[in-house]
Amino acid sequence: MEPITAMFAIILGGVLVGICVHFIPASATGAMSAATGIATGPSMLSAGAGMAGILSAAYSMDGSLAVVLASGATGSALMLSLTIMGGNIANAFGTGVSPASGQTASGFSILGKSTKDAVTGWDQKPYISPGTDGHGMPVQTHISGIIGAFIGGIGGALVLFAVYTLLAPILKPDVAFTISGFIGAGVFLINSVLPAYTLVGKTEGMFDQKIRRTPKTLISCLIVSTVIAILIYSAAVVI
Amino acid sequence: MSTDIKKEFTSPQLYLAALVLGMIAILMVKFSYSMAPIAVILIWPAFLSGANAVRQVARYGLGTGTASIGYWGTAVGATMAFTSQFINPAYNFVSPYFEIFGALIVGAVTGICAQKIIKMKIPVMIRDSAVLASSTAIIAMFFLAILTEYSTQVSTLDAYITYPLIYIAITLAILHPFNGSMGAGENQKRTLRLSAIEASMTTGLFGLIALLFSDVLFLTGSSVIVISTAGFFIFVKRWFAAVKEDTYEFAWTGYPPAEH
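These protein sequence lines map, in sequence, to chains A and B. Numbered by numbering that gives the first Met the number 0, the letters in the first sequence go through residues 0 to 238 in order. Numbered by numbering that gives the first Met the number 0, the letters in the second sequence go through residues 0 to 259 in order.
These are calculated hints, taken from the structure and not from any lab test. Misleading hints may appear alongside valid ones.
[As the list claims (entries may be wrong)] Partial list, computed: chain A residues near chain B (C-beta under 7 Å): (1) S42; (2) M60; (3) G185; (4) L188; (5) L221.
[To be verified] The list that follows gives simulated cross-link-like pairs (lysine-lysine, DSSO-like), each with its CA atoms no further than 27 Å apart: (6) B:K188 <-> B:K236; (7) A:K209 <-> B:K118; (8) A:K209 <-> B:K29; (9) B:K29 <-> A:K215; (10) A:K171 <-> B:K29; (11) B:K6 <-> B:K236; (12) B:K115 <-> B:K6; (13) A:K215 <-> B:K115; (14) B:K188 <-> A:K209; (15) B:K29 <-> B:K120; (16) A:K115 <-> A:K209; (17) A:K171 <-> A:K112; (18) A:K215 <-> B:K118; (19) A:K124 <-> A:K215; (20) A:K215 <-> A:K112; (21) A:K124 <-> A:K112; (22) B:K188 <-> B:K115.
Being a predicted model, the structure only gives us computed values, none of them experimental. Beta carbons are placed, not taken as given, at the ideal position from N, Cα and C, and that holds for glycine.
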C-alpha cells in the first residue's frame, strides 16, 4: 500500500468506526433492565468491540489486506455477539425479564407502527415490563449489533494495516506493529465518542430512529479522521 | 451553605500555565536528567488543566459519560505524542511542538464538529476539547521524555512497552477528579486539589517505572518518586481540608442525625 493510499485508508477506517456506533445497541439504563441495549455507553462498547477487532486483526498481519480486514471484522463481531448473549442471560435468568425492544413495542422504531421484531416476527409489546423502555437485546437488535461490530472491526483493522504500512519501512517490525496497534486504538476511541454525542447515550441499533442521524456522524468523523490522518502521514512521511 | 461567590480559574488561564510550564519541563528533561525533580513539579499544572477541561465540558451533560470524554481526550493527546516516535531524527527539533499543537488542532476540530454539525449546546465545547487534548499530549510527551531522553543506552523506541500504561494512567488522572467530586457540592477548588493528588500519584508511578525500566534511570526515578511523594502528602492535606470545609457546610447542623 502506497503511503498516500494508507492515509486515505486511515480516513476511511475512522469513518467506518463512527458509523458502527449507530448499529451497536447500548444504553446506560440497560444496567437496570430499564431500556433495550447493552448496559454501557455506546462509545465505550464500540471501543471495546474495536479493540477486540484490532487484536484479532493483529494475528493475521502476515496475510493480505482482505484477510486482515476479515479477521478484524470477525473478532469484533464475535466479541459483541458474546457480550449480547451474556447480557441476555443475565436479563433472562438474573433479572427475570425477556429481551424486548422498547421502541418497536411502542411503534416508534424505524419499522413504522409495527410492534413485531423485524427478524423473527415476534410481537414485542406483551413482553415489555411496565415503566421501562424495553430490556435485553431481542433478535433484531442482536443482528444490528453484529453488523455494527463487523463494520467497526473492518474500520479498526484498516487503520491498523494502514499505519503499519506507513511505519514498517522506518521502524523495527515489532515496534512498528505495537505503535500501529496503539494508534489504531486511539483512532477508534476518537471516532467512537463523536457518534455518542449524536446518540445522547442510548440507541437500539439500526432499527432505532437515531439511525437517521448517521450522516451527521459521517461528516464529523470524516473531518476529524482527515485531520488525524494528515498529521500521522506528516509525522511518518513528510518529516 | 456558603453563598459567597468564589473566583474560579478559567480554562485559558490553566492551559497557559500548563503549556508554558509543561514545555519548560519537557525541554528541561531533554537538557539534563538532573533537572527531573524540578521538571516533575512543572508538569503537574498540565494535569490540572486537563481535569478542569473535563469538568467544564462534562458538567453540561454530554450524553456520553465523563469516562468517555477522558478516554477521548487522552486518545487524541497520547496518539499525537506517540507519533513523535516515528519522526525522522533529523527533524527532532519539531518535537514536542508538533505533537502538542497537533493535539490542540484535533481537539478543536472535534469540538467544532460537535458544536456545528452535531449541534451540541455546550458553549465551551471547542475551547475545552482543544485544551483537554493538548494537556494530555503535554503529559504524554513528558513521560516519554523522562523514560527515554537520558541515555543512549535506552532507545526512544524502547518505551513502546510503556504505551498502555501511559495511556491508562493519564486517562484516569484526567477523568477521575471531576467524577470523584461530582454531586451538588462540586466545586473547582476541590476538583483541582484532587487532580493535584492524582497528578503526584501518576508522576510517582512513572518514577517507579523509570527505576524498573533501566539502571541508568535510577537517580531520575528516585528523585521523581521523592518529589512526587512530598507533593502527594501536601496535596492530600489541602484536599482533605477542602472536603471537611465543604462537608461541614452541607451536613453539620449542630445536631446528631435523627434515628428512624
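Right, here's what the structure says about each hint:
Evaluation of the A:S42 hint against chain B yields a held restraint, the C-beta minimum of about 5 Å falling below 7 Å. For A:M60, the shortest C-beta to C-beta distance to chain B is roughly 16 Å, which exceeds 7 Å, and the interface hint is violated. Checking A:G185 against chain B: minimum C-beta separation of about 3 Å stays under 7 Å; hint holds. Interface restraint check for A:L188: the shortest CB-CB distance to chain B comes to about 4 Å, inside 7 Å, so the restraint holds.
The beta carbon of A:L221 is not positioned within 7 Å of any beta carbon in chain B (closest approach about 9 Å), and the interface hint is therefore violated. About 13 Å separates the Cα atoms of B:K188 and B:K236, which keeps this hinted pair within 27 Å; it holds. With a CA separation close to 14 Å, the supplied pair A:K209 and B:K118 stays within the 27 Å bound. Our distance criterion of 27 Å between C-alpha atoms is broken by A:K209 and B:K29, whose separation comes to about 49 Å.
Using a Cα cut-off of 27 Å, the hinted pair B:K29 and A:K215 is violated, with the two alpha carbons roughly 43 Å apart. Straight-line distance between C-alpha atoms of A:K171 and B:K29 comes to about 24 Å, which keeps the hinted pair within the 27 Å bound. Restraint check for B:K6 and B:K236: the C-alpha separation of about 22 Å stays at or below 27 Å, so the hint holds. Taken as a hint, the B:K115 and B:K6 pair is broken in the structure, with Cα atoms around 30 Å apart against an allowance of 27 Å.
About 10 Å separates the Cα atoms of A:K215 and B:K115, which keeps this hinted pair within 27 Å; it holds. Straight-line distance between C-alpha atoms of B:K188 and A:K209 comes to about 39 Å, which puts the hinted pair past the 27 Å bound. For a cut-off of 27 Å, the pair hint linking B:K29 to B:K120 is broken: about 42 Å separates their Cα positions. A C-alpha spacing of about 19 Å is found between A:K115 and A:K209, which places the hinted pair at or below 27 Å, so the restraint holds.
The hinted pair formed by A:K171 and A:K112 fails the criterion: a straight-line CA distance of about 58 Å is larger than 27 Å. The hinted pair formed by A:K215 and B:K118 meets the criterion: a straight-line CA distance of about 9 Å does not exceed 27 Å. The suggested pairing of A:K124 with A:K215 is violated, with an alpha-carbon distance near 31 Å, which exceeds 27 Å. Distance check on the hinted pair: A:K215 and A:K112 sit about 26 Å apart at the alpha-carbon level, within 27 Å; holds.
At most 27 Å may separate the alpha-carbon atoms for a hinted pair to count; A:K124 and A:K112 meet this at roughly 12 Å. At roughly 32 Å between alpha-carbon atoms, B:K188 and B:K115 are farther apart than 27 Å, so this suggested pair is violated.
The structure fails to meet hints 2, 5, 8, 9, 12, 14, 15, 17, 19, 22 from the earlier list, while all remaining hints are met.
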